[in-house]
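Asker: Below are the chains, spelled out letter by letter.
2 protein chains.
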Amino acid sequence: MKNKLYFDIILREKSRMAFEATQKEQESVGYYSLPEQDVSSILEYCRNISSDVEDIAVIGIGGSSLGAKAIYEFLKPVENLSRTLHFFESTDPINIKNILDSINVDKTHFLVISKSGTTVETFSIYKYILSKHDKSDSYTFITDPGSDLEKYAKHINASVLHLPKHVGGRFSVLSVVGLVPLALCGVDIKALLQGADNIKASYFKNGYLQEILLKKSLFYAKNHAKYHINCLFAYSESLKYFCEWYVQLWGESLGKKQRHSAFNVGLTPIGLIGPKDQHSFLQLIMEGTRDKSVTFIKIDDFQEDLCIIPDITLPHLESLDTLNNLPFSTLINMQCDSVIEALKEENIPLDSITLPKMDAENIGSLIYYYELLTSLVGQLIDVNTYDQPGVEAAKIILKKKLAL
Amino acid sequence: MKNKLYFDIILREKSRMAFEATQKEQESVGYYSLPEQDVSSILEYCRNISSDVEDIAVIGIGGSSLGAKAIYEFLKPVENLSRTLHFFESTDPINIKNILDSINVDKTHFLVISKSGTTVETFSIYKYILSKHDKSDSYTFITDPGSDLEKYAKHINASVLHLPKHVGGRFSVLSVVGLVPLALCGVDIKALLQGADNIKASYFKNGYLQEILLKKSLFYAKNHAKYHINCLFAYSESLKYFCEWYVQLWGESLGKKQRHSAFNVGLTPIGLIGPKDQHSFLQLIMEGTRDKSVTFIKIDDFQEDLCIIPDITLPHLESLDTLNNLPFSTLINMQCDSVIEALKEENIPLDSITLPKMDAENIGSLIYYYELLTSLVGQLIDVNTYDQPGVEAAKIILKKKLAL
Numbered sequence: 001m002k003n004k005l006y007f008d009i010i011l012r013e014k015s016r017m018a019f020e021a022t023q024k025e026q027e028s029v030g031y032y033s034l035p036e037q038d039v040s041s042i043l044e045y046c047r048n049i050s051s052d053v054e055d056i057a058v059i060g061i062g063g064s065s066l067g068a069k070a071i072y073e074f075l076k077p078v079e080n081l082s083r084t085l086h087f088f089e090s091t092d093p094i095n096i097k098n099i100l101d102s103i104n105v106d107k108t109h110f111l112v113i114s115k116s117g118t119t120v121e122t123f124s125i126y127k128y129i130l131s132k133h134d135k136s137d138s139y140t141f142i143t144d145p146g147s148d149l150e151k152y153a154k155h156i157n158a159s160v161l162h163l164p165k166h167v168g169g170r171f172s173v174l175s176v177v178g179l180v181p182l183a184l185c186g187v188d189i190k191a192l193l194q195g196a197d198n199i200k201a202s203y204f205k206n207g208y209l210q211e212i213l214l215k216k217s218l219f220y221a222k223n224h225a226k227y228h229i230n231c232l233f234a235y236s237e238s239l240k241y242f243c244e245w246y247v248q249l250w251g252e253s254l255g256k257k258q259r260h261s262a263f264n265v266g267l268t269p270i271g272l273i274g275p276k277d278q279h280s281f282l283q284l285i286m287e288g289t290r291d292k293s294v295t296f297i298k299i300d301d302f303q304e305d306l307c308i309i310p311d312i313t314l315p316h317l318e319s320l321d322t323l324n325n326l327p328f329s330t331l332i333n334m335q336c337d338s339v340i341e342a343l344k345e346e347n348i349p350l351d352s353i354t355l356p357k358m359d360a361e362n363i364g365s366l367i368y369y370y371e372l373l374t375s376l377v378g379q380l381i382d383v384n385t386y387d388q389p390g391v392e393a394a395k396i397i398l399k400k401k402l403a404l
Numbered sequence: 001m002k003n004k005l006y007f008d009i010i011l012r013e014k015s016r017m018a019f020e021a022t023q024k025e026q027e028s029v030g031y032y033s034l035p036e037q038d039v040s041s042i043l044e045y046c047r048n049i050s051s052d053v054e055d056i057a058v059i060g061i062g063g064s065s066l067g068a069k070a071i072y073e074f075l076k077p078v079e080n081l082s083r084t085l086h087f088f089e090s091t092d093p094i095n096i097k098n099i100l101d102s103i104n105v106d107k108t109h110f111l112v113i114s115k116s117g118t119t120v121e122t123f124s125i126y127k128y129i130l131s132k133h134d135k136s137d138s139y140t141f142i143t144d145p146g147s148d149l150e151k152y153a154k155h156i157n158a159s160v161l162h163l164p165k166h167v168g169g170r171f172s173v174l175s176v177v178g179l180v181p182l183a184l185c186g187v188d189i190k191a192l193l194q195g196a197d198n199i200k201a202s203y204f205k206n207g208y209l210q211e212i213l214l215k216k217s218l219f220y221a222k223n224h225a226k227y228h229i230n231c232l233f234a235y236s237e238s239l240k241y242f243c244e245w246y247v248q249l250w251g252e253s254l255g256k257k258q259r260h261s262a263f264n265v266g267l268t269p270i271g272l273i274g275p276k277d278q279h280s281f282l283q284l285i286m287e288g289t290r291d292k293s294v295t296f297i298k299i300d301d302f303q304e305d306l307c308i309i310p311d312i313t314l315p316h317l318e319s320l321d322t323l324n325n326l327p328f329s330t331l332i333n334m335q336c337d338s339v340i341e342a343l344k345e346e347n348i349p350l351d352s353i354t355l356p357k358m359d360a361e362n363i364g365s366l367i368y369y370y371e372l373l374t375s376l377v378g379q380l381i382d383v384n385t386y387d388q389p390g391v392e393a394a395k396i397i398l399k400k401k402l403a404l
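Protein chains in written order, with this note's numbering: chain A, 1 to 404; chain B, 1 to 404.
Extracted from the complex, chain A is given alone in its bound form (with noise of 0.2 Å):
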């Protein structure tokens, strides 16, 4: 993975105590040591999964649904994966009908991930698939050790899986919460955190990284008030629920009350996919507001070297034959490069991440950058990154309605 920025700021003091702050975090956040964890349990827990089992069902929302999903949407095209991973995350009735409608149940594994062990869309659903399907060994359960919903699985007879200690939810993927879908459909998750470990050598280890890191959340701290829409623009289709997996991560890390002043702070994330969002959302970061910053996703290698723009003359459109015998890959980074440019004659600050290509530890090197980097601007604009006492006033709301 290379990163590219098109802006320079001067580190000092703030930077070293940010890079300080993430260090000591390593003691108490959980997510920083998944790179290194031991995985053969989670192996040796797929291997006891039926080979009948066709498809993988995760029921779970949020930090339980958002992280496998992203990476297996990213791999499915290219990879030859043994199941297919499908999500119920919505109380949606017609969603969950038509993904009902999609798989066979009796040839279904469901994983109920739940953190805390009572999610309301969570358990509407499981029971929901419980009336149609009550066979305790096709549910397995992801929660934290000693909450109600293991207590629950032990009487049912059921399996459960821990979340380690001090992960939250959407730090969650490189856990059991994304790596047990993802090995079940046959995602290589030792490649996977490998990417991952990669990043985290980089950046604790004085790699490359870590003064680009630095540099990034340093400019996007600093510059919190002016260019507080931040916007992923990822030039390919696979990586739509990337972006998703993005926006949860920096919105729900960075859009708090600051520590010490509790003044409301935020960056607001956006996720845009090339070439398509050149034709919605790009005049607005053109000529709208200069309130964004913009990251470029682009990806080396596409594998489909046969994918090209046949040598065809239109009659009356001739002009278009420019494009003949072009590869698409190579057109839609060129398209990805003109946009960069267009946008640097207009002094809006940019950066580029280009993956070498599309495979499992290429996405788990982005995933660890995206998360080190939400640590540290989390840090710098002086918020707690890791909880989210925003979204409790609704849930309680609800309660209250329910037990009416």
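Treat the hints as calculated values from the structure; they're not laboratory data. Please read all numbers here as calculations on a predicted model, not as lab measurements. Some hints could be false.
Just so you know, same-sequence chains aren't split out, so a pair can sit in one copy or run between any two.
Stated by the list, open to error - Mimicking DSSO-like on lysine-lysine, the simulated pairs with C-alpha atoms at most 30 Å apart in a straight line are:
no., residue 1, residue 2
1, Lys-4, Lys-76
2, Lys-344, Lys-401
3, Lys-401, Lys-4
4, Lys-357, Lys-76
5, Lys-395, Lys-344
6, Lys-215, Lys-24
7, Lys-257, Lys-401
8, Lys-190, Lys-97
9, Lys-399, Lys-257
Could you slot chain B onto chain A? The hints should help.
Answerer: Showing chain B alone in chain A's frame:
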């Protein structure tokens, strides 16, 4: 369709002027008159497409695809549509290959949609598909009258349909651009236009929406420097692509240099889906910078009455029994109401739109409502709502790169 504002604002002279401007725009801006168009020629065209055709594939990007996709994806789960609709809207080679693999080219009719007739994405893909399937009667071209694309289409004896005059891409969904692909799939396009016409009548003929739209647009315009991010929070998975259509309409229409000051202004659109994004973006709305307004969309009747949470007690999880016997459609709307209440407590500017049910008439209403709102806000913040000069720079750079 109901629309309830949770804020109030006193209408003054400025609103009367904006209303008169929209009245006057009807003479020069084509989308206003689309609801009353005669669709008999479109229906006649559709009858001439062979009944052997099973799939319809739109080759188009931005305004040429987003609208039809929004409506199709909204109706697909609840209506018995006669054909499947696909969208080639990316130069991502993996995406192109995926869609091609999912259709039988010999039983597909392709709609090549390009207003200008020279869109790079559209013609790269068209050439590629043409090299695999070279039968003129499998293609229909939709473009401006007299374009080079029309000349080409006539040269190969393929069908051509014309965009109506003065209808920009992002306002074109209720023209042939959206109506043809939708009608080919069996969508009731008359009902769609009827829904739009209901909104038009309510607005222009002093119905209840006139005051609502004038108040809402005035609030957005007056506070555009403070509440410059507008979130559309739809409690229905089926509105996901409607959100994408809204993002283009809003962002590309309102992100501009002001007409009289040349100052960069813009309202940033964000599409959210509930309840999923309660576990993602909500924290940022609740506790982040107070720069967001939120519009909720609810569906009154999901037409899925039998999707009910069963009356099951889970040992150790008895607290979840409050969910029992609740239809999912009730639960999802209770979730929406809970978030509205929580945000009201925080004095965040809100409104809610309720669609009685999921059908063509209602989505037609929603589309036209947003088009009118966009026109009004554009008028009030002093931008040209209908152009998009900011996207040209990247196109010119790409053309230079291609010519090398």
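Asker: Take the hints in turn and mark each one as holding or not.
Answerer: Hints, verified against the model:
1. Only within a single protomer do Lys-4 and Lys-76 lie at most 30 Å apart by alpha-carbon distance; the minimum there is 28 Å, versus 42 Å between protomers.
2. For the identical chains of this complex, Lys-344 and Lys-401 are inter-copy neighbours only, at 16 Å across copies versus 51 Å inside a copy, given an alpha-carbon limit of 30 Å.
3. For the identical chains of this complex, Lys-401 and Lys-4 are inter-copy neighbours only, at 21 Å across copies versus 50 Å inside a copy, given an alpha-carbon limit of 30 Å.
4. When the C-alpha separation of Lys-357 and Lys-76 is checked against a cutoff of 30 Å, the pair qualifies only within one copy, where the shortest distance is 14 Å, while the shortest distance between copies is 35 Å.
5. In this homomeric assembly, Lys-395 and Lys-344 come within 30 Å of each other (Cα to Cα) only across copies, at 14 Å, whereas the closest approach inside a single copy is 44 Å.
6. Taking the shortest alpha-carbon separations for Lys-215 and Lys-24, only the intra-copy value of 19 Å comes in at or below 30 Å, while the best inter-copy value is 52 Å.
7. Taking the closest pair of Cα atoms, Lys-257 and Lys-401 come within 30 Å of each other only inside a single copy of the chain (28 Å); across copies the shortest separation is 46 Å, beyond that limit.
8. For the identical chains of this complex, Lys-190 and Lys-97 are inter-copy neighbours only, at 28 Å across copies versus 35 Å inside a copy, given an alpha-carbon limit of 30 Å.
9. In this assembly of identical chains, Lys-399 and Lys-257 lie within 30 Å of each other by CA distance solely inside one copy; the values are 25 Å within and 46 Å between copies.
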